Amino acid sequence: MRITLTILLVLAGFCTAGVYRDAGLGMYPFLKMDVGARVAALGGTGAVNGSELAVFSNPALLAGAESSVSAGYNQWYGSTVQNYLTAVSGMGSVVTGSLALRSVFTDGIEYRETPTSDPLDTFSASDLSVNGAVAVRLGRFDIGAGLKVIHEKIWLETSSGWAVDIGFNYHPHSSLVFAAAYLHSGPSVTMDETEYRLPRTWVFASRWNHDLPLGTVSVSGQVMRPLDNKTRAGAGLEYSPISMVSLRGGWKFNDNSGGLTAGAGITAKGWTLDYALVPGDYSLGTAHRFSLSRSL
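Just so it is clear: in the sequence shown, position 243 is 243 by the working numbering, and no numbers are missing.
Since the hints were derived computationally from the structure, they do not count as laboratory data.
Just so you know, these numbers come straight off a predicted model, no measurement behind them.
Just so you know, even glycine gets a beta-carbon here, dropped at the ideal spot from N, CA and C.
Cut-off 30 Å, straight-line C-alpha distance, at most; resulting in silico cross-link-like pairs (DSBU-like, lysine-lysine):
| id | residue 1 | residue 2 |
| --- | --- | --- |
| 1 | 153 | 230 |
| 2 | 153 | 32 |
| 3 | 230 | 32 |
Estimated spans, in silico, between C-beta atoms of each pair:
| id | residue 1 | residue 2 | range |
| --- | --- | --- | --- |
| 4 | 79 | 219 | 31 to 39 Å |
| 5 | 219 | 194 | 42 to 50 Å |
| 6 | 296 | 160 | 27 to 35 Å |
Go ahead and model the full structure; you've got the sequences and the hints to work with.
Here is the structure:
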């Protein structure tokens with residue numbers, strides 16, 4: 001009980017915290033994008049709902065995960081597209097590992113030197129990361145660590161770097177989990193002769209599961225505090241009337257890109273197809289996300 005109360009107090013503190021002094025100075029912002037349709041539909045609560053995609057959001061969540069392969073296509077706002085491929089495998093009775101590849105591409109970015117109706121040119125931006133992570137389950141505790149190598153190209157300029165992730169989960173009860181992760185920590189990188197820090201991010205989250213007379217329900221919450229932006233939060237609700245179908249909804253708090261999220265998932269014969277609908281504010285349009293995974 002004392003550990004649970006301590007975790008709740010830490011979460012409350014981060015919910016009310018302000019912006020870091022290095023706001024706007026973080027490199028590789030794509031690292032903070034949600035990965036996977038299920039996570040997106042549940043308000044971005046990836047630290048407790050990442051499952052087979054935990055290599056991106058909380059490596060400790062890999063502990064006890066089933067062996068699987070996953071692929072996803074995410075249409076982001078505008079012309080931005082995100083794709084990924086992951087593999088998860090058990091490495092003994094208590095250790096689980098994962099390897100992943102992730103890419104983000106944006107085309108048709110307009111270049112201007114003065115305020116004009118027509119751009120001087122257009123260019124593209126691309127990001128690529130290769131990720132690896134391992135996790136171990138020790139009773140009620142899960143511990144995980146990950147490493148990623150990153151490459152970014154914006155028009156004619158390129159930059160490369162690496163970062164580590166650390167995650168920790170605590171299970172006070174079989175239906176309740178608390179998670180904490182420190183993501184994207186690594187040395188500064190250089191782009192166009194300018195040095196930038198990585199978007200180091202603290203994440204705290206929790207998920208509660210409950211059996212109903214007709215199906216099961218889970219409630220999730222997450223607080224994320226990045227180095228280079230304001231504190232954000234998300235909440236998600238997932239209802240599974242039967243084991244094959246899941247209905248999802250969520251909300252993002254203090255996020256200028258949008259609030260409401262929704263989606264669904266279907267599982268059959270070892271295959272799982274997830275979909276998320278993420279409406280954007282300020283004429284950003286609507287993002288559609290698809291994820292497909294196969295249990296091995």
